[in-house]
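Student: Residue strings, one per chain:
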Amino acid sequence: MKTTPSSGSLTCIGTGITLAGQITTLSKDYLEQAEMVFGILPDKLSEDWVKSITPSYKSLQYLYGEGKSRRQTYQEMKDVVCQAVRDGNKVVLALYGHPGIFACVGHFAIETLRSEGYPAQMLPGVSADACLYADLGIDPGTTGCQAYEATQFLFSGVPLNTSAYTILWQIGLAGEHTLKTFKTTQKNLHAAVRVLNKWYPLEHEMILYEAPFIPVHHPRIDKFKLKDLPIMDLTSISTLVIPPLTGLKLDQESLNEFGLNISDFG
Amino acid sequence: MSTLNKFLTELGTNAKLMEDYKSEPVATMKAAGLNDEEINAVQSNDTAKVKELTGGGEYAVVVHNVKEHNL
Chain A
1 MKTTPSSGSL TCIGTGITLA GQITTLSKDY LEQAEMVFGI LPDKLSEDWV
51 KSITPSYKSL QYLYGEGKSR RQTYQEMKDV VCQAVRDGNK VVLALYGHPG
101 IFACVGHFAI ETLRSEGYPA QMLPGVSADA CLYADLGIDP GTTGCQAYEA
151 TQFLFSGVPL NTSAYTILWQ IGLAGEHTLK TFKTTQKNLH AAVRVLNKWY
201 PLEHEMILYE APFIPVHHPR IDKFKLKDLP IMDLTSISTL VIPPLTGLKL
251 DQESLNEFGL NISDFG
Chain B
1 MSTLNKFLTE LGTNAKLMED YKSEPVATMK AAGLNDEEIN AVQSNDTAKV
51 KELTGGGEYA VVVHNVKEHN L
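As they're listed, the protein sequences go chains A and B. Mind the numbering: the first sequence is residues 1 to 266 in UniProt numbering, read in order. Mind the numbering: the second sequence is residues 1 to 71 in UniProt numbering, read in order.
None of these hints come from the bench; they were simulated from the model. Using N, Cα and C, we set each Cβ at its ideal position, and we do this for glycine too. Don't take each hint at face value.
What follows is a list of derived Cβ distance ranges for each label pair [as the list claims (entries may be wrong)]:
id, chain 1, residue 1, chain 2, residue 2, range
1, A, ASP79, B, ASP36, 39 to 49 Å
2, A, GLY144, B, ASP36, 25 to 35 Å
3, B, ASN14, A, GLY259, 48 to 58 Å
Model the full assembly from the supplied sequences, consistent with the hints where possible.
Tutor: Okay, structure coming up:
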């Protein structure tokens, strides 16, 4: 006989990147009303802030471990959250940034709980790329924008569109394939330069970007040349931003499909 | 929550305080009750020291996505 789900539910929220000010009004209200709150936040300061909103906050950071596969860690995080819902609690999972961008735990938990008949939802949050566009003054609508997790891109051999911006997340973990450590190597960074050099000259200027977690800090915006990537100081929050080599151009063959000519655009 | 933690949290949500801080950082921090060590850490942009003074626990910040290498 199929059992009826308890009254538990899950809401995944994003706390934004910079402390306290980037959470949405609705997400904060869910935090305040939750019976149990779990989170993956970047530091004690953020945890202090969330605890000031909801004393029931419990960090899931303890499930990480150097040498332990993050694949296992995320499954364990999902299991903790899902069990709290099955126990009948209104649960909030608070993740820094946006809860569903480059973040699998919320997606996993929602999928599992919905399959078991529990209500589960995700609310949007301010993500690192939202901060990046604001801090660098980039509008992704101007030339287009492609974004990859750095290692995923470097291993995949996919072509880059050099007329658009390219964003490589986690460049500080470039080539780290074990999911067991939080840093890369000089060897991997030299390999990354060789891969990127297929599309960009070694002298092409790039940007290392890091969004500020604390309001008194400024974003990191360091410009450098591709050839110098291995000597840059990279952290786990470093993002590589590659400006386009060329802008978008009109293509007559494409315009033909619409019965248009390049001359129609003055 | 410590005075420094309260100040930084308030700074993230209070536009007037942020503007006061931008124009008069030291005076704003003193008015909020921060001590010299805290003010120096903030002023010198010493992230590690600020983290230490706010309770430490700088966790690894990585993409939480096990599908990241599923090709």
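Student: Next, verify each hint and record whether it holds.
Tutor: Status of each hint after checking the structure:
{"no.": "1", "hint": "A:ASP79 <-> B:ASP36: 39 to 49 Å", "in the structure": "46 Å, holds"}
{"no.": "2", "hint": "A:GLY144 <-> B:ASP36: 25 to 35 Å", "in the structure": "50 Å, violated"}
{"no.": "3", "hint": "B:ASN14 <-> A:GLY259: 48 to 58 Å", "in the structure": "56 Å, holds"}
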